[in-house]
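All chains, please: the whole structure from these sequences, using the hints.
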Amino acid sequence: MTITDGSPAGQRESARPELCSGSEVIARSAIMAGCRFFAGYPMSPFTELLESFSKLMTGPGLVCVNAESEIEGANMVIGAAATGARAATGSCGQGIALMQEAIAESALNETPIVVFNMARGQQDYFQATRGGGWGDYRTITLAPKDVFEAGEHTQLLFHLADKYRAPVLLYGDHFIAHTEVSIRLEAREFGPLPAKDWVLDGTAGGTGRSRQIWTWNSGKVLSPGPGPDEHWRRIGAKFDAIAAAEQRWESAHEGADTMIVSFGTAAVFVERVVAELRAEGHPVGWFRPITLWPFPAAALERAVAGASRVLVFEVNAGQMVEDVRLALPDRSRIASIGGVSFDDSGLRYGTLMDVPEIRARVMAALDREKIA
Amino acid sequence: MTTTQDPGLPGARQVARARPNLLQTTEHHFCPGCGEPIAMRLILEVIDELGLAQRTIAVVGHGCYGGFVRQIDVDVLQCLHGRAPSCATGIKRMRPDSVVFTLQGDGDMVNEGLQEVLHTAARGERMTCVLLNNGVFGDTGGHLTAATVLGQRTKTSLSGREAAEHGYPIPVADLVASLRGTAYVARAAVHNGPAIVTAKRVLRRAFEHQLNGDGFTLVEILTMCPTGWFVSPSSGGTYSETTLADAYPLGELTVAPKAASGGHGAAAR
Amino acid sequence: MTAEPYRGTVTIASDRCKGCELCVAACPPRVLSMSDDVNEAGYRYPLLAPGCIGCSLCHAVCPDFVFDVYRFPLPAENKEPQ
Chain S
1 MTITDGSPAG
11 QRESARPELC
21 SGSEVIARSA
31 IMAGCRFFAG
41 YPMSPFTELL
51 ESFSKLMTGP
61 GLVCVNAESE
71 IEGANMVIGA
81 AATGARAATG
91 SCGQGIALMQ
101 EAIAESALNE
111 TPIVVFNMAR
121 GQQDYFQATR
131 GGGWGDYRTI
141 TLAPKDVFEA
151 GEHTQLLFHL
161 ADKYRAPVLL
171 YGDHFIAHTE
181 VSIRLEAREF
191 GPLPAKDWVL
201 DGTAGGTGRS
211 RQIWTWNSGK
221 VLSPGPGPDE
231 HWRRIGAKFD
241 AIAAAEQRWE
251 SAHEGADTMI
261 VSFGTAAVFV
271 ERVVAELRAE
281 GHPVGWFRPI
291 TLWPFPAAAL
301 ERAVAGASRV
311 LVFEVNAGQM
321 VEDVRLALPD
331 RSRIASIGGV
341 SFDDSGLRYG
351 TLMDVPEIRA
361 RVMAALDREK
371 IA
Chain W
1001 MTTTQDPGLP
1011 GARQVARARP
1021 NLLQTTEHHF
1031 CPGCGEPIAM
1041 RLILEVIDEL
1051 GLAQRTIAVV
1061 GHGCYGGFVR
1071 QIDVDVLQCL
1081 HGRAPSCATG
1091 IKRMRPDSVV
1101 FTLQGDGDMV
1111 NEGLQEVLHT
1121 AARGERMTCV
1131 LLNNGVFGDT
1141 GGHLTAATVL
1151 GQRTKTSLSG
1161 REAAEHGYPI
1171 PVADLVASLR
1181 GTAYVARAAV
1191 HNGPAIVTAK
1201 RVLRRAFEHQ
1211 LNGDGFTLVE
1221 ILTMCPTGWF
1231 VSPSSGGTYS
1241 ETTLADAYPL
1251 GELTVAPKAA
1261 SGGHGAAAR
Chain P
2001 MTAEPYRGTV
2011 TIASDRCKGC
2021 ELCVAACPPR
2031 VLSMSDDVNE
2041 AGYRYPLLAP
2051 GCIGCSLCHA
2061 VCPDFVFDVY
2071 RFPLPAENKE
2081 PQ
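Protein chains in written order, with the working numbering: chain S, 1 to 372; chain W, 1001 to 1269; chain P, 2001 to 2082.
Honestly, the hints are just simulated from the structure, not real lab data.
Ideal Cβ placement from N, Cα and C applies to all residues, glycine included.
It cannot be assumed that every hint is accurate.
For lysine to any residue, the following SDA-like pairs were computed, each having C-alpha atoms within a straight-line distance of at most 25 Å [what the hints assert, rightly or not]:
(1) S:Lys-55 to W:Arg-1123
(2) S:Lys-55 to W:Pro-1096
(3) W:Lys-1200 to P:Pro-2028
Heads up, incomplete: computed chain W residues facing chain P, CB under 7 Å, no partners named [to be verified]:
(4) Ala-1012
(5) Ala-1016
(6) Pro-1032
(7) Gly-1033
(8) Ile-1038
(9) Pro-1233
As structure tokens, then:
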């Protein structure tokens, strides 16, 4: 695994292709996007991301804190974001579980935070998309399929967080964290953002116009806010608007008789299986949600309109399949062909994340009659 | 309706104003005899007198005092229960020139947020945490906290806190004072005039230590809660003086020395 | 330097008072006492008798921002403290 030293070169675009792990790509992409504060707590397979930030966040105004706990790290990030800084935290699903209150807080008090789940597998789909915090909130979740996308999504996430003043999540995994690729890092532009006229900097103190950030949004006596009823209604409407505007997906061979739906790393394997099967004449295609929330339901429905089978491959007991069922009026076509699969450490994908295994499950489904 | 003598006497000058400069309105819902508005007034006075209003960011937890912050005229982040020192860390690291203080009750700091304040103190974060300690969860109706003193009656210790059943109170100021990141710790009270004068002095010292960049500062202020204590408003001061201050002795605490022992060369503060 | 002797007075926003009586106990010359009347919230409130020394202790102990405190110089022919 390559971690550059803390010199400014590690904070800028690549002059030429470099060999970088996903952890390092994410950290460098975040810093290129202007992230100035990172706080995290070590846990495999997220630890190398924390190490990367720790090594790279050097120089004026850049801070990386090895927080004493996930909860403390997440709340530090809320504080940093409240001052207007781009700020991020992360963990694997077990640590993200501890941050649920903070993520909900960020959604309801509208402090933009970026959260990296370098997950141990695909079992955190519900956690990411349903959330375990309180209140009417959603979490924009991007699921990259490889290191290259992880870098692009990282930059996009900081933009989306600021655009909507909401928490956003990158759903990565140990493959992405630990795989090294030859990559040229480039800063991306995403367009103008509204001014951060809500940040806390102290300057309005004593003027009667001091600011208050709170989930209740009651404001100050001299500058009242809308109050919890109107505020939470508006937040609900905001997430409805995000749902309409920010769906992302990718698919191939739409209209094939059998479509396979998968996300993240699993989609790379499914793509390979589809290529093999198509070369043998099987009418198969694939659909990959890139945003797990908002789930691209309408796009999925269009992509599978001509399919008699919709196979859902995910390495868990069946989570994304529920969103597939919600998206498709004709659920009789849907079958889960994934499952739980871990190695002996319990930290990494097991034997199911493999082309022959996935191919066998697809073939078994093709060999059956149309599912009644 | 006010009763007054005519204040327009020749040569009269005002020596104390009812409404502090940094208070947007004097209306509030605190119980008769509550010590929290007094403590919060002192903080506002200190910030005003030190000229810090336009650099100050407050981080406020959850308790009765939470309802007061809509009327304090400084920037405020109201955060999750117990997490104020962590949020304040993020704020101070991103805006090191700001003056950051937290406002937390004993339920907030000593229950939910004990690890936050200890870790933040150990790191030496340059902020001032203010603990409003009345030994009770007032906002939820008067329940046992980790700071409730032995013998104190609450709705979850109706016959008084007993060590055998409820354990012992945690003197968080002593814990914080033992950490080498801590620059200043004081315990004060607002149960009578002299105590209030001293409270304001130690608050000022704590903020001065923050301005100096000396490290973490904590001021614990014992506040009256007659409602939570089942006493009359006029008896709250006495209860604080005899019961709470007995368990939490007032004064400036000795903090752990900064210089490393054994001559590692670390400069003494 | 000899400080100029002074007397004091306070204005009392009795509509804000919640009748806690902490000021009565705090006043050194004991010139505050609670009214028989109640304000609109139903609380008795302090009344000021002569003899205030403008020490501001009532202001210090009051949770409800009731007191403004003033000092004024004694007349030249009456500089004896009360």
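Cross-check of the supplied hints:
no., hint, result
1, S:Lys-55 to W:Arg-1123, "holds (19 Å)"
2, S:Lys-55 to W:Pro-1096, "holds (21 Å)"
3, W:Lys-1200 to P:Pro-2028, "holds (20 Å)"
4, Ala-1012, "holds (4 Å)"
5, Ala-1016, "holds (4 Å)"
6, Pro-1032, "holds (4 Å)"
7, Gly-1033, "holds (4 Å)"
8, Ile-1038, "holds (5 Å)"
9, Pro-1233, "holds (4 Å)"
Comparing the model with each earlier hint shows no violations; every hint is respected.
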